[in-house]
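Asks: In case you want the letters, here they are:
There are 2 protein chains.
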Amino acid sequence: MAGPSYQALPGFRDFIPRECAVRNYLFETWRSVARRCGYVEYETPILEDTALYLKKSGGELSAQLFRFEDQGGRDVTLRPEVTASLARLVAEHQRHFPKPLKWFEIGQCFRYEKPQKGRGREFHQFNADILGEAGPAADAELIALAIETMLAFGFVAGDFVVRVSDRHAWIGFAKHHGVPEAAVPEFLNLIDKIEREKPETLGQKLATWSLTLEQVRSFITNPASASSAYLAIQQDLTARGLGDFVELDLSIVRGLAYYTGVVFEVFDSRKSMRAVAGGGRYDTLVATISDGAVDLPATGFAMGDYVIRNLIEETTHAAMQMEVWLQRNAAACDVYVVIADESKRGDSLKLVTGLRRAGISADYPLNPAKVAKQFQSAEKSGARFALVVGAEYPELKLKILASRTEESGHADEAVVWLTERLQQPDGPLLA
Amino acid sequence: MAGPSYQALPGFRDFIPRECAVRNYLFETWRSVARRCGYVEYETPILEDTALYLKKSGGELSAQLFRFEDQGGRDVTLRPEVTASLARLVAEHQRHFPKPLKWFEIGQCFRYEKPQKGRGREFHQFNADILGEAGPAADAELIALAIETMLAFGFVAGDFVVRVSDRHAWIGFAKHHGVPEAAVPEFLNLIDKIEREKPETLGQKLATWSLTLEQVRSFITNPASASSAYLAIQQDLTARGLGDFVELDLSIVRGLAYYTGVVFEVFDSRKSMRAVAGGGRYDTLVATISDGAVDLPATGFAMGDYVIRNLIEETTHAAMQMEVWLQRNAAACDVYVVIADESKRGDSLKLVTGLRRAGISADYPLNPAKVAKQFQSAEKSGARFALVVGAEYPELKLKILASRTEESGHADEAVVWLTERLQQPDGPLLA
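So the protein lines, in turn, are chains R and C. Each step along the first sequence adds one to the number in my numbering, with nothing skipped, and position 268 is 268. Each step along the second sequence adds one to the number in my numbering, with nothing skipped, and position 109 is 109.
Hints are computed from structural coordinates only; laboratory data are not their basis. Watch out, some of these pointers could steer you wrong.
If chains are identical, the list can't say which one is meant, so a pair holds when it fits in one copy or spans any two.
Listed below are the simulated DSS-like cross-link pairs for lysine-lysine, each with C-alpha atoms no more than 30 angstroms apart in a straight line [to be verified]:
#	residue 1	residue 2
1	Lys198	Lys397
2	Lys205	Lys344
3	Lys99	Lys373
4	Lys370	Lys99
5	Lys205	Lys193
6	Lys55	Lys193
7	Lys55	Lys344
8	Lys399	Lys99
9	Lys99	Lys344
10	Lys99	Lys397
11	Lys99	Lys350
12	Lys198	Lys99
13	Lys55	Lys114
14	Lys380	Lys99
15	Lys350	Lys117
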């Protein structure tokens, strides 16, 4: 047999049901932890005016955009990220909401990159932001969400760490050592490359400001380098019992030009080069996007679906938690109605309708089939129960598929009976 | 103050929190009813090779596409609909799944149309399909889902009706009256226009096949015109108690060229020209898309978010159901922790963390504020309860915001206490 003649575009994913269930597990966990922490959900368009991204970046655009001209001659771009749209949205609507705004979003972004393991041309991203509050209490509350998100996926102490830095610490360092103010962005870029660039190159560059690599390195590792914002965040998170998840790491600057203060990254502790999430303060973006019409301090982070999924699958306890969820949520139905006597098909359809209406996921064979074959269908569907409609209808038999035990009941009481049975833990999960 | 300098593109929506909550209500209702009825979720890419849509349509493309060349020189299109992608996906993966496939999808589609009230350039669509079963039992099961979806939104008998037709009835009619086989597609197109085209034009065209408008009209209204598939569907749905929601209407042919048999539309009964959902059999599409590699009969329907939302808002009982859901689900939190004694901020953060970890949505003031102001924040957040941490900590006061009554409890028991209280119905909903 020839293969299918069309496939998804390179870097784009087809979500067959099991993959879609994994996606839903990520989405539902993100949504549920954000809501528990008092964030409300918003969504922005997937397609935006390219000028929005130009404005955010100060005129420079990434080469990795899905950018085109629409039928109306507009220069448009599939969003590579969400924060520019959020700033636009907030500038327009913020006056209707009490401050601070605690908003989150779960959606797809697009970047024309070379597809490789762990990276596609589309990905899903969880974005959480607090707008309208400039102090470190907002950064702490945001970092708390990042930590709670990791805990919600089943990660524990030792699996991950949040490395927190503050651009203000570096700005203070630069000032103290006489780096000219105009050179500070260049200096920050250098710090950002400190783990990737050759020491000689770094040393040469630093020498132009009469600095040495040793001075910079010792500032990074010196606890006294912590900014007052960092200390406040550490104290806040310690009160929550989350202090041990956070550490100072001034080597983090984050490449994007728009960060203005505290920045942080959630790292996989075992493969320490891998960031699972990252973010920080961007106090000037809303003013930039709105041409100064609205000035709102902001802090936020994003977590993509590729890395977190890989990390879950590599971490036994997190992987098991996901597997249990998938078994519960990826089954085609909970109850499979076996029509053992075809003359009872009408009664069976009525029964199925009643179960579904009561919130019970129920399925049945569309065509007459041998009872053994119907039981196979029931097993394949992932159902916990097979409800058998036979000649003795309205008396019904309930087969518990995991334990192969059997009960009897009356069709009129099927909803109550099945609802009760589904709340008991004798399904395949605990068998 | 100047307005924001950028807006969403024409026809694209920003979902501020309330709008996002409405979207989530539609999504969660669609998802929940589909799962109850034994359908599993999948998702396909938003961007596809344009050749996929060319192939589906037999070479003709709609003018209303977001179509462009990507950086790799590929001719790509933002999906205008999902069924072409589904056929591609199923052709590739179907051998791994027992038949029939009962699959659903909730996602965004894009069409470059003139934006107007009730229509944008992007919209969300609920797609449900049954693949691998050619008989009317599959059509009945699919129509049952369409009906259950309407019922799940709170619509009742009298609000809507499902009009069912069958292309085979018309093909039989054409054959019986000597319309040449090659002219049947043209004949079906004519029937499709019967309510929009001028009678004279219709009559002239029909005369070329020695037919009159009266013959066609009387066939439409004659119950004896029903196909055997229609009769089987009617019988099946009647057994489920859903027979009254369905009626024969042979004036429905549906424009799209790929339908092959039973077709149907869900109509708003009061504004009867408005279709809320539509679909039918497309038994040849999977073979077309896969160049004959996989041949799988199929039936499916789609429901868009614009029309169903308008209909909900215009229908008092459905609108009230949505409003109740929104009150429950759009609040920023359930419990607002009021920090009446700032020296207890650390204890308050610990308390908030404990509540959140137990699944209770909790928020608190990021900065010191007067107690009265904190209560205002609690009210604005939509919380049911304000939990007051004062000098008497670990003793806590719980204010029920709707009834303005008060209880006391201990911080160590806060999780159990609040969990129990949240299950009682004295929140704003029932006050």
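Asks: Each of the hints needs a verdict: does it hold here or not?
Replies: Here's how the hints hold up against the structure:
Proximity of Lys198 and Lys397 under a CA criterion of 30 angstroms is satisfied in neither setting, with 73 angstroms inside one chain copy and 60 angstroms between copies. For the identical chains of this complex, Lys205 and Lys344 are neighbours neither inside a copy (84 angstroms) nor across copies (49 angstroms), given an alpha-carbon limit of 30 angstroms. Taking CA atoms no more than 30 angstroms apart as the test, Lys99 paired with Lys373 passes between copies only; the shortest distance there is 12 angstroms, against 60 angstroms inside one copy. In this assembly of identical chains, the alpha carbons of Lys370 and Lys99 lie at most 30 angstroms apart only when taken from different copies (15 angstroms versus 64 angstroms within one copy).
For the homomeric pair Lys205 and Lys193, the shortest alpha-carbon distance inside one copy (12 angstroms) is at most 30 angstroms, but the shortest distance between copies (75 angstroms) is not. Taking identical chains as interchangeable, the C-alpha atoms of Lys55 and Lys193 lie at most 30 angstroms apart only when both belong to the same chain, with a minimum of 25 angstroms there against 49 angstroms between chains. With identical chains, the CA atoms of Lys55 and Lys344 are never at most 30 angstroms apart, being 67 angstroms at best within one copy and 44 angstroms at best between copies. For the identical chains of this complex, Lys399 and Lys99 are inter-copy neighbours only, at 22 angstroms across copies versus 55 angstroms inside a copy, given an alpha-carbon limit of 30 angstroms.
In this homomeric assembly, Lys99 and Lys344 come within 30 angstroms of each other (Cα to Cα) only across copies, at 23 angstroms, whereas the closest approach inside a single copy is 61 angstroms. Proximity of Lys99 to Lys397 under the C-alpha cut-off of 30 angstroms is restricted to the inter-copy arrangement: shortest distance 25 angstroms between copies versus 58 angstroms within a copy. Taking the closest pair of Cα atoms, Lys99 and Lys350 come within 30 angstroms of each other only across two copies (23 angstroms); inside a single copy the shortest separation is 52 angstroms, beyond that limit. In the homo-oligomer, the alpha carbons of Lys198 and Lys99 never lie at most 30 angstroms apart, since the shortest distance is 45 angstroms inside one protomer and 59 angstroms across protomers.
Proximity of Lys55 to Lys114 under the C-alpha cut-off of 30 angstroms is found in both arrangements, the shortest distances being 26 angstroms within a copy and 28 angstroms between copies. Taking CA atoms no more than 30 angstroms apart as the test, Lys380 paired with Lys99 passes between copies only; the shortest distance there is 10 angstroms, against 51 angstroms inside one copy. For the homomeric pair Lys350 and Lys117, neither the shortest alpha-carbon distance inside one copy (48 angstroms) nor that between copies (40 angstroms) is at most 30 angstroms.
Hints 1, 2, 7, 12 and 15 from the list above are not met by this structure, while the remaining hints are.
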